[in-house]
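Colleague: Residues per chain are reported as follows:
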Amino acid sequence: MRTVSLIFHVLLFLVPLLLPAHNMILYHSIHARLPAMPAQLADWLTVVLVLLGGFFLVRRLAVPRVRVLSTLYDYLILVLVLAPFVTGLMLYHHVSSSRWLMIGHIVAGDAVLLAIPFTKLGHMPFLLFSRFSASGEYAWKPARRAWGRGA
Amino acid sequence: MVKAKQKPLEEIFALIRGYKEKRRPRDVLQVLTVGCGGCTSVCMAGGQREVLVLNEELTELARREKVPLQLSCVTVERQCNAQFLEDITDLVQNADCILSGACGAGTQNLGDRYPTKPVFPALDTMFIGVDVDVGLYEERCRTCKRCVLGLTGGICPLSRCSKGVLNGPCGGTRSDGECELGGGLRCAWNAIYERLLAQGRVDDMMEIQPPKEWLERGQGVLVQRGFEERYDPRYDKDSA
Amino acid sequence: MEAGQKGLGKGRMNGSTKDAITAHRISRVLTRNREMIQLSLQACMHCALCAESCFKFQSSGGDPGYTPSYKAINSIGKIYRKKGRLSEAEYREINELVWDRCVLCMRCYCPVGVSIPSLIACARSVCREKGVFRTYDGERNA
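Residue numbers (our numbering), protein chains in the order written: chain A, 891 to 1041; chain B, 42 to 281; chain C, 28 to 169.
No lab work stands behind these hints: they were computed from the structure.
Since the model is a prediction, treat every value here as computed from it, not as a measurement.
A virtual CB, placed ideally from N, CA and C, is assigned to each residue, including glycine.
Hints may contain errors.
[As the list claims (entries may be wrong)] Cross-link-like lysine to aspartate or glutamate pairs, in silico, EDC-like; alpha carbons within 20 Å at most:
id: 1; chain 1: B; residue 1: K158; chain 2: B; residue 2: D131
id: 2; chain 1: C; residue 1: K45; chain 2: B; residue 2: E97
id: 3; chain 1: B; residue 1: K46; chain 2: C; residue 2: D164
id: 4; chain 1: C; residue 1: K157; chain 2: B; residue 2: E97
id: 5; chain 1: C; residue 1: K110; chain 2: B; residue 2: D128
id: 6; chain 1: B; residue 1: K158; chain 2: B; residue 2: E62
id: 7; chain 1: C; residue 1: K157; chain 2: C; residue 2: D46
id: 8; chain 1: C; residue 1: K157; chain 2: B; residue 2: D128
id: 9; chain 1: C; residue 1: K157; chain 2: C; residue 2: E123
id: 10; chain 1: A; residue 1: K1010; chain 2: C; residue 2: E62
id: 11; chain 1: C; residue 1: K105; chain 2: C; residue 2: E123
id: 12; chain 1: C; residue 1: K105; chain 2: A; residue 2: D964
id: 13; chain 1: B; residue 1: K48; chain 2: B; residue 2: E106
id: 14; chain 1: B; residue 1: K46; chain 2: B; residue 2: D131
[As the list claims (entries may be wrong)] Residues from chain B shown here face chain C by an in silico Cβ test under 8 Å; the list is partial:
id: 15; residue: S82
id: 16; residue: M85
id: 17; residue: Q89
id: 18; residue: R90
id: 19; residue: T116
id: 20; residue: F125
id: 21; residue: G176
So here's chain A without its partners, still in its complex pose (with noise of 0.2 Å):
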């Protein structure tokens, strides 16, 4: 769970900043970019965001201490989460010609920023404040309670 969350977490930030065709658009109004990765490289980082997004919805149905505190709202902000990421996979595929993909696409993705600061994804800057202020965790290691071994 810890790995696949790190490896989702780094890809959810890495991709869209370094995805050469936001930085295209970058470039275009500001004329200043970061530097893009291949096109390739990040379809099928995207592919594998979408699939370790796949595995969260999946730990949060299957596993019963995750299913029984889980609401309407935590499956709703995981679609959510993911919906920017899907939507631009279709777009990179050209599944569908519509506009309305395209907008679809630009929507959820400033939902999801819009949607940090009101929601538990406010986790997102919050955690490195919390996480080194809660008493006695004031540190990098993995926070793991030793109850000793087997326990």
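Fit chains B and C to the given chain A structure using the hints.
Modeller: Chains B and C only, in chain A's frame:
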């Protein structure tokens, strides 16, 4: 766990009354009784129910003695952990003095947290012991800091031998296994011998234990294994 | 309450005064801890990572009802949302969650920084004001 016993009601009342007469002769004294949800709840000395009853008894006694007291009550989960004492700041502010239903450790912690309010103990802390039955507790540990239970078959010679002898029986064991001091006390060393015999390790008894370190070392401090670096900046784990 | 109502008004007043005091005391606990409770409930990501750090969870063989966040959300979460106005049956359920399924060992770990023991202790404080707490003489006090 820690086992404690409530002080006699008259003693508790005398403490409060003494304070009132010295410091607040004219006011109605506001007393906050703070119960503890930890050890003293388990041994039913200072838990929520016990402090409620204590308050009722004190109110009645105060009425009879014509001492104007106003008693209120709250119970926190543990008084030995400062986190739980933060919940009652407003109640303590409104009180003139505090009566604590915790063991000595909790009562002191309460006093440390609220140093401007007198804290009176409602209990006498007795020992670290086990629950033999509901309402019946026996001492098992004297916190000697050098546990020998591994060699005595799990029976502590300090807390269970009347004389606390450390290396074998004193010679006063009666033939029925009772201590020569009588009173139904069992000879701990006889029990140790029988236990070790049953486990096939009587030789363990033959290892001579040095005297315990009872020298006054002041307040005990314990840094748990794994937390050395956090609390001791000079700690060097490579040399430990 | 029934005995009070049979009386000639004095009993009834005592019953409702007692209820009023209880409600006031519960409100006090919730108000004092309002920010902590609100923030904790919002910040909880429902990730269930806290379960691994709870020894009651481990020793129950992975019973999801022992997940620390589950215990917190269904005790203080419920109490907070309904401002302490729950039925006796609901309080009995909460009683089981916070007294039987948790010993307040304070070892539960939350990656987001939610202090689960604080939430459980808060729930216990509310239960105490309702006269619901653990006793050790074999008599059930709920």
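Colleague: Against this structure, judge whether each hint is valid.
Modeller: We went through each hint and held it up to the structure:
1. B/K158 to B/D131: 13 Å, holds
2. C/K45 to B/E97: 16 Å, holds
3. B/K46 to C/D164: 15 Å, holds
4. C/K157 to B/E97: 18 Å, holds
5. C/K110 to B/D128: 18 Å, holds
6. B/K158 to B/E62: 16 Å, holds
7. C/K157 to C/D46: Since the Cα atoms of C/K157 and C/D46 sit roughly 9 Å apart, the hinted pair holds (cutoff 20 Å).
8. C/K157 to B/D128: Status holds; Cα separation ~17 Å.
9. C/K157 to C/E123: The given pair, whose Cα atoms are some 14 Å apart, holds under the 20 Å limit.
10. A/K1010 to C/E62: Roughly 16 Å separates the two Cα atoms, so the pair holds.
11. C/K105 to C/E123: This hinted pair holds, its Cα atoms lying about 14 Å apart.
12. C/K105 to A/D964: This hinted pair holds, its Cα atoms lying about 18 Å apart.
13. B/K48 to B/E106: With a Cα-Cα distance of about 19 Å, the restraint between B/K48 and B/E106 holds, given a limit of 20 Å.
14. B/K46 to B/D131: 28 Å, violated
15. S82: Nearest chain C Cβ about 7 Å off; hint holds.
16. M85: Since chain C brings a Cβ to about 6 Å from B/M85, closer than 8 Å, the hint holds.
17. Q89: With a closest approach of 5 Å, the B/Q89 hint holds.
18. R90: 6 Å, holds
19. T116: Cβ of B/T116 sits 6 Å from chain C, so the hint holds.
20. F125: Holds. Min distance 6 Å.
21. G176: Hint on B/G176: holds, closest Cβ of chain C at ~7 Å, below 8 Å.
The earlier numbered hint that this structure contradicts is number 14, and it is the only one.
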